[in-house]
Amino acid sequence: MKSHTAYHTFRTDERRAFVRITDLVQAAVDESGIREGMALVSAMHITAGVWVNDDEPGIQADALEWLDKLAPPTWKAPANGVAEALVPDGGDYRHHRGGEDNGDAHLKNLLVHHQVIVPVTAGRLDLGPWQAVFYCEFDGRRGKRLIIKILGE
Amino acid sequence: MKSHTAYHTFRTDERRAFVRITDLVQAAVDESGIREGMALVSAMHITAGVWVNDDEPGIQADALEWLDKLAPPTWKAPANGVAEALVPDGGDYRHHRGGEDNGDAHLKNLLVHHQVIVPVTAGRLDLGPWQAVFYCEFDGRRGKRLIIKILGE
Amino acid sequence: MKSHTAYHTFRTDERRAFVRITDLVQAAVDESGIREGMALVSAMHITAGVWVNDDEPGIQADALEWLDKLAPPTWKAPANGVAEALVPDGGDYRHHRGGEDNGDAHLKNLLVHHQVIVPVTAGRLDLGPWQAVFYCEFDGRRGKRLIIKILGE
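Chains as they are written, first to last, in the working numbering: chain C, 642 to 794; chain F, 642 to 794; chain V, 642 to 794.
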């Protein structure tokens, strides 16, 4: 059995961003020399996720707007009446009482999930034709880490 | 260490469907000869998920209706005012501008998640009494692939 | 390759609860003697989840309230008009027709996801500074099992 671990730090210009990392994960697999196994790709922060989706800008813009409706930020005015009604009591997250302003990012992270496992077959990420791996930032503009851990033979 | 990979293609009659695949996953474990390990079960498309849940028709109907409320399709009239309010600006997904009509399936897939890991103990899927593995189709009526990857000894 | 399996049973006093289990997972890693690998932490019931998040009471209270809005229970009056509008047709889940009252717990479980994989590096859970592992109970007050399965070397 072989294992390999790689870390990457992201610092996005925008508070929210999708960063395509398929090549980064493949590079870690190449370094590992593993031909058959699994690659865990996991955010090390609780306000960033990892997802596998199509690299289509419309989907990403749709998803960001939709995540804002399901988990509205309260550090700006709600986008509409539904978003307003979904805001917790008092119009702000309890998490913000300590001075934080990223309560929504924790919930968005929960929806998107913070990790994926990519199967590795014959030394390649075994993804479907439209599957790409993305780092999903919900509270950026500061350095945040991601771990890639590969197990196999 | 041993590894084993199996692929399956699903072509559901309905656009949305739950297909129980616990036996399919166990069959792949049997073929692998692995006694202790992990079985990754992962959709290779971005409009289909995999979940572990009770095989109870009421839960599945509830879940489909609920997913339609949280991630409404716009290729038919919204079910109610809440669904309508949740529809992105202009009443349709940006993803549909290219001619696609499955914008909601991408979001439903995000909610359900596209993969699970089933632990394998003494050669059997180590599931709780009500846990069954399902392939969750959100944009069917065409061939779509699933990968099962087992790692262990 | 080594593998190790541990089971834990939880019986929470409250119907819904977050139980921090980071130490429990680290203890299983210690028992396994595994230095490099992956630890799967997975609920064996379909109304309980596992998440990785900050151990901050405000986040947990926010999340419980938010989950109640997205997946409202119908065994008590909805919290507000949005929650009421999200209730499935007829005001109750189909799953409740058989006498169950935990239809919402199945949906909450779907949102939170029932499992995580924690990377193991140099014998330690390789988590970020604010990442803690929690068992998330949505239908407690009875014994429910969790499996920890570690694979590595």
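Calculated from the structure, these hints are not laboratory results.
Quick caveat, the model's predicted, so the values are computed rather than measured.
Careful, some of the hints might be misleading.
For chains that are exact copies, the list does not tell them apart, and a pair is met inside one copy or across any two.
[As the list claims (entries may be wrong)] The list that follows gives simulated cross-link-like pairs (lysine-lysine, DSBU-like), each with its CA atoms no further than 35 angstroms apart:
#	residue 1	residue 2
1	Lys710	Lys643
2	Lys643	Lys785
3	Lys710	Lys785
Quick rundown of the hints versus the structure:
With identical chains, the CA atoms of lysine 710 and lysine 643 are never at most 35 angstroms apart, being 43 angstroms at best within one copy and 45 angstroms at best between copies. Taking identical chains as interchangeable, the C-alpha atoms of lysine 643 and lysine 785 lie at most 35 angstroms apart whether they share a chain (27 angstroms) or sit on different chains (32 angstroms). Within a single copy, lysine 710 and lysine 785 get their C-alpha atoms as close as 25 angstroms, and across copies as close as 30 angstroms, so both meet the 35 angstroms cut-off.
Taken one by one, the earlier hints fail for this structure only at number 1.
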